[in-house]
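Chains as they are written, first to last, in the numbering used here: chain Y, 1 to 114; chain P, 1 to 539.
Bear in mind the hints are in silico, worked out from the structure with no lab data behind them. Just so you know, not all the hints are guaranteed correct.
No farther apart than 25 Å at their CA atoms in a straight line, the calculated lysine-lysine pairs in the PhoX-like style are these [as the list claims (entries may be wrong)]:
(1) P/376 / Y/65
(2) P/162 / P/321
(3) P/162 / P/480
(4) P/316 / P/248
(5) P/213 / Y/65
(6) Y/97 / P/376
(7) P/321 / P/519
(8) P/38 / P/248
(9) P/469 / P/480
(10) P/480 / P/316
(11) P/321 / P/243
(12) P/321 / Y/97
(13) Y/65 / P/248
(14) P/438 / Y/105
(15) P/469 / P/279
(16) P/376 / P/213
(17) P/438 / P/512
(18) Y/105 / P/512
(19) P/535 / P/519
(20) P/38 / P/162
(21) P/243 / P/162
(22) P/438 / P/248
(23) P/519 / P/38
(24) Y/105 / P/519
(25) P/162 / P/248
(26) P/438 / P/519
(27) P/535 / Y/105
Selected chain P positions facing chain Y (in silico; Cβ < 8 Å) [to be verified]:
(28) 84
(29) 98
(30) 202
(31) 205
(32) 209
(33) 239
(34) 297
(35) 514
In this text the structure is predicted, and so the values were computed from the model without any measurement. A virtual CB, placed ideally from N, CA and C, is assigned to each residue, including glycine.
Chain by chain, the residues run as shown.
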Amino acid sequence: MTVTEPEIRPPDQHPAWTEIQASPDFVSLRRRLRRFVFPMTALFFVWYMAYVLLADYAHSFMSTKLWGNINVGLVLGLLQFVSTFVITTLYVRHATKNLDPAAEKIRHEIEGDL
Amino acid sequence: MNVAAQVAGNNPVLNMSIFGVFVAITLVVVFRASRNTKTAADYYAGGRSFTGPQNGVAISGDYLSAASFLGIAGAIALNGYDGFLYSIGFLVAWLVALLLVAELLRNTGKYTMGDVLAFRMRQRPVRAAAATSTLVVSFFYLLAQMAGAGGLVALLLGITSKTGQAVVITLVGVIMIVYVLVGGMKGTTWVQIIKAALLITGALAMTIWVLAKFGFNLSSLLGGAVDSANTEAVLNPGMQYGKTETSKLDFVSLGLALVLGTAGLPHILMRFYTVPTAKEARRSVVWAIWLIGIFYLFTLVLGYGAGALVGPDAIKAAPGKANSAAPLLAEALGGPVLLGLIAAVAFATILAVVAGLTITASASFAHDIYANIIKKGQVDDKAQEVRVARITAVVIGAVAIVGGIVANGQNIAFLVALAFAVAASANLPTIVYSLFWKRFNTSGALWSIYGGLISSIVLIVFSPAVSGKPATAATPSMIKGVDFHWFPLENPGLVSIPLAFFLGWFGTVISKRGADAAKYAEMEVRALTGAHAEKATAH
Numbered sequence: 001m002t003v004t005e006p007e008i009r010p011p012d013q014h015p016a017w018t019e020i021q022a023s024p025d026f027v028s029l030r031r032r033l034r035r036f037v038f039p040m041t042a043l044f045f046v047w048y049m050a051y052v053l054l055a056d057y058a059h060s061f062m063s064t065k066l067w068g069n070i071n072v073g074l075v076l077g078l079l080q081f082v083s084t085f086v087i088t089t090l091y092v093r094h095a096t097k098n099l100d101p102a103a104e105k106i107r108h109e110i111e112g113d114l
Numbered sequence: 001m002n003v004a005a006q007v008a009g010n011n012p013v014l015n016m017s018i019f020g021v022f023v024a025i026t027l028v029v030v031f032r033a034s035r036n037t038k039t040a041a042d043y044y045a046g047g048r049s050f051t052g053p054q055n056g057v058a059i060s061g062d063y064l065s066a067a068s069f070l071g072i073a074g075a076i077a078l079n080g081y082d083g084f085l086y087s088i089g090f091l092v093a094w095l096v097a098l099l100l101v102a103e104l105l106r107n108t109g110k111y112t113m114g115d116v117l118a119f120r121m122r123q124r125p126v127r128a129a130a131a132t133s134t135l136v137v138s139f140f141y142l143l144a145q146m147a148g149a150g151g152l153v154a155l156l157l158g159i160t161s162k163t164g165q166a167v168v169i170t171l172v173g174v175i176m177i178v179y180v181l182v183g184g185m186k187g188t189t190w191v192q193i194i195k196a197a198l199l200i201t202g203a204l205a206m207t208i209w210v211l212a213k214f215g216f217n218l219s220s221l222l223g224g225a226v227d228s229a230n231t232e233a234v235l236n237p238g239m240q241y242g243k244t245e246t247s248k249l250d251f252v253s254l255g256l257a258l259v260l261g262t263a264g265l266p267h268i269l270m271r272f273y274t275v276p277t278a279k280e281a282r283r284s285v286v287w288a289i290w291l292i293g294i295f296y297l298f299t300l301v302l303g304y305g306a307g308a309l310v311g312p313d314a315i316k317a318a319p320g321k322a323n324s325a326a327p328l329l330a331e332a333l334g335g336p337v338l339l340g341l342i343a344a345v346a347f348a349t350i351l352a353v354v355a356g357l358t359i360t361a362s363a364s365f366a367h368d369i370y371a372n373i374i375k376k377g378q379v380d381d382k383a384q385e386v387r388v389a390r391i392t393a394v395v396i397g398a399v400a401i402v403g404g405i406v407a408n409g410q411n412i413a414f415l416v417a418l419a420f421a422v423a424a425s426a427n428l429p430t431i432v433y434s435l436f437w438k439r440f441n442t443s444g445a446l447w448s449i450y451g452g453l454i455s456s457i458v459l460i461v462f463s464p465a466v467s468g469k470p471a472t473a474a475t476p477s478m479i480k481g482v483d484f485h486w487f488p489l490e491n492p493g494l495v496s497i498p499l500a501f502f503l504g505w506f507g508t509v510i511s512k513r514g515a516d517a518a519k520y521a522e523m524e525v526r527a528l529t530g531a532h533a534e535k536a537t538a539h
């Protein structure tokens, strides 16, 4: 690899990108990716903003003591950590099981016939 | 008991010796790494030969800046719960990188953010915009780190004269330039790995120590912080941001900028190119999320621990104020040796983060501006682009040193907020549209990058962070004695982020030149499958 090659594009353009993009295998891969990441992004974003708004505007609720000095705010905050770790784990599992094999297969088809 | 004098005069020689050992070890590592740094892929991307876990540790080293270690622990010690809110934004933000950005970026780009943004657009205007935004974000982040070094010097080495601090800032800058020049991305990555290991181990040790003092009972620790602060307010939200309706709105704005900014920080994005495949990029982010998350849980304990064991009054009286909470706690727990270790880790943190920023900015200049805009992608000499990157790194390093000396003692919080707000406004909308929206085109990309960049900077310039706050405020304005602010919030994110998303859409639909469907097909297929992604270089 040298620094003089044209940026990004491989020297000879693969002719079939559009066909591959329309192929059932690829369409299904894209659907499986998007059906996971879009709702999950919406979910954690809404949950995070709800937490921020509660901490910002619902002080007395967040200050409610649950046990000892542990209050609702601390528990909800720690739950943000838990949900982040859980979503991370779920995504890795989804990607390994449902995305990687399909991506690998299409990649081999593309790189094999160039 | 005069804690401030104790810390300032504690044992600068010991602190400096421990830091000297760190510098010596990392320099050896950097020189060893340099033997394999020959091509552009070596210099910019460490030969793409790091494993996911290695890169994950390096990412956490890059991300856990002095602001997040000293800053968050201090904010929790003084403002209680409101300090904790920062760490949550900084962590949750990684889900954006994991789910939407990291793998697709790794598959379609080569060295810089501009590679991805310009992939299916007209190269020169979009690369120029991406490089501008990269340089602006990196510059403000860099300035904040270097300006923070001045305060740290006062705190840990007992150097209070501005000249003495300037000498230390210069020294830090010069060591950083050596790392970047000699070791390139590979050397910089190893510095970050070593630093992250030290930082996380140090924080773990202190966390266990603090918890042990309270019988491993979080509730008693919080009780200790309440006793010491003489108010239950430290456990509840609102101490810092709850005062007025404006400050509440400011917090929403900050929360938005934090969660959307991370995945738009160019020095974080560039780290995804140092691994061989998208799958390793995913593993990097997973490692980074766990390490960063666990680290922020430590800072919760350390912050309340400092509140309980050192006390807010002693922290406020120390040089460096909130930033001194963690070092003071180290001293209270383990005496001068632990303080020396934590001090050395804090310096190492600044060095490593600044090195990462410098290599990112120099790569963007050499690769996006020099190679692709000035030379139109036709660089004659193989080594020429790397040579330009090295020269740029020296220039940026020099600018960082001068900027750090000039900005020493300034209110630096707004520089970090600016970096995150610009990243979230100018970069993230453009990245997301580029990767997922078929119709997105050159016009849309330029509107969202420049729209986000200009709106966030203009709003900051006319915010209370720059002018108009009374000199007695906890965080005074940057320019004192004048008042030209008209935007009420200190953080522009609440306005500039939605605006940039809107402008990206608007710029796209008003353009007569539609999207390049063939290039989008290529980009999408490559992004999702990794076909023809840049491979690791073999050594």
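Evaluated hints:
For the hint linking residue 376 of chain P to residue 65 of chain Y, the alpha-carbon distance of about 63 Å lies beyond 25 Å, and the restraint is violated. A distance of roughly 17 Å separates the Cα atoms of residue 162 of chain P and residue 321 of chain P; the hinted pair therefore holds under the 25 Å criterion. Simply put, residue 162 of chain P and residue 480 of chain P have alpha-carbon atoms about 20 Å apart, close enough for the 25 Å limit, and the pair holds. Annotation: proposed proximity of residue 316 of chain P to residue 248 of chain P holds, straight-line Cα distance about 24 Å (limit 25 Å).
Proposed proximity of residue 213 of chain P and residue 65 of chain Y is supported: the alpha carbons are some 23 Å apart, at most 25 Å. Simply put, residue 97 of chain Y and residue 376 of chain P have alpha-carbon atoms about 42 Å apart, too far for the 25 Å limit, and the pair is violated. Only pairs whose Cα atoms come within 25 Å are accepted, and residue 321 of chain P paired with residue 519 of chain P is rejected, the gap being roughly 53 Å. With a C-alpha separation of about 51 Å, the suggested pairing of residue 38 of chain P with residue 248 of chain P is violated against the 25 Å cut-off.
At roughly 8 Å between alpha-carbon atoms, residue 469 of chain P and residue 480 of chain P fall within 25 Å of each other, so this suggested pair holds. About 22 Å separates the Cα atoms of residue 480 of chain P and residue 316 of chain P, which keeps this hinted pair within 25 Å; it holds. Of the supplied pair hints, the one linking residue 321 of chain P and residue 243 of chain P holds, its CA atoms being roughly 21 Å apart against a limit of 25 Å. Only pairs whose Cα atoms come within 25 Å are accepted, and residue 321 of chain P paired with residue 97 of chain Y is rejected, the gap being roughly 50 Å.
With a CA separation close to 23 Å, the supplied pair residue 65 of chain Y and residue 248 of chain P stays within the 25 Å bound. A hinted pair counts as satisfied when its Cα atoms are at most 25 Å apart, and residue 438 of chain P with residue 105 of chain Y qualifies at roughly 24 Å. Restraint check for residue 469 of chain P and residue 279 of chain P: the C-alpha separation of about 48 Å exceeds 25 Å, so the hint is violated. Between residue 376 of chain P and residue 213 of chain P the CA atoms are separated by roughly 63 Å; this puts the pair beyond 25 Å, and the hint is violated.
For a cut-off of 25 Å, the pair hint linking residue 438 of chain P to residue 512 of chain P stands: about 15 Å separates their Cα positions. Restraint check: the Cα-Cα separation between residue 105 of chain Y and residue 512 of chain P comes to about 38 Å, which exceeds 25 Å; the hinted pair is violated. Restraint check for residue 535 of chain P and residue 519 of chain P: satisfied, since their Cα atoms lie roughly 21 Å apart, inside the 25 Å limit. Pair hint residue 38 of chain P plus residue 162 of chain P does not hold up; C-alpha atoms about 40 Å apart against a cutoff of 25 Å.
In summary, the hint linking residue 243 of chain P to residue 162 of chain P is not supported, as the alpha carbons are separated by about 35 Å, beyond the 25 Å threshold. Under the criterion of a C-alpha separation no larger than 25 Å, the hint pairing residue 438 of chain P with residue 248 of chain P is inconsistent with the structure, at around 37 Å. The hinted pair formed by residue 519 of chain P and residue 38 of chain P fails the criterion: a straight-line CA distance of about 31 Å is larger than 25 Å. The suggested pairing of residue 105 of chain Y with residue 519 of chain P holds, with an alpha-carbon distance near 21 Å, which does not exceed 25 Å.
Pair hint residue 162 of chain P plus residue 248 of chain P does not hold up; C-alpha atoms about 36 Å apart against a cutoff of 25 Å. As the CA atoms of residue 438 of chain P and residue 519 of chain P are separated by approximately 10 Å, the hinted pair is consistent with the 25 Å bound. Distance restraint check for residue 535 of chain P and residue 105 of chain Y: the Cα-Cα separation of roughly 18 Å lies within the 25 Å cut-off, and the hinted pair is therefore satisfied. A least Cβ separation of about 6 Å between residue 84 of chain P and chain Y falls short of the 8 Å threshold, and the interface hint therefore holds.
Nearest Cβ of chain Y to the Cβ of residue 98 of chain P: about 6 Å, under the 8 Å cut. The hint holds. The criterion of a C-beta within 8 Å of any C-beta in chain Y is not met by residue 202 of chain P, whose closest approach is roughly 21 Å, and the hint is violated. Using the Cβ-Cβ criterion of 8 Å, the hint placing residue 205 of chain P at the interface with chain Y is not satisfied: the shortest such distance is roughly 21 Å. Given hint, residue 209 of chain P at the interface with chain Y, is violated; its Cβ is 20 Å from that chain's nearest Cβ, farther than 8 Å.
Given hint, residue 239 of chain P at the interface with chain Y, is violated; its Cβ is 10 Å from that chain's nearest Cβ, farther than 8 Å. Annotation: residue 297 of chain P was flagged as interfacial toward chain Y, and the flag holds, the nearest CB pair being 7 Å apart, inside 8 Å. The restraint placing residue 514 of chain P at the interface with chain Y is violated, with a minimum CB-CB distance near 15 Å, outside the 8 Å limit.
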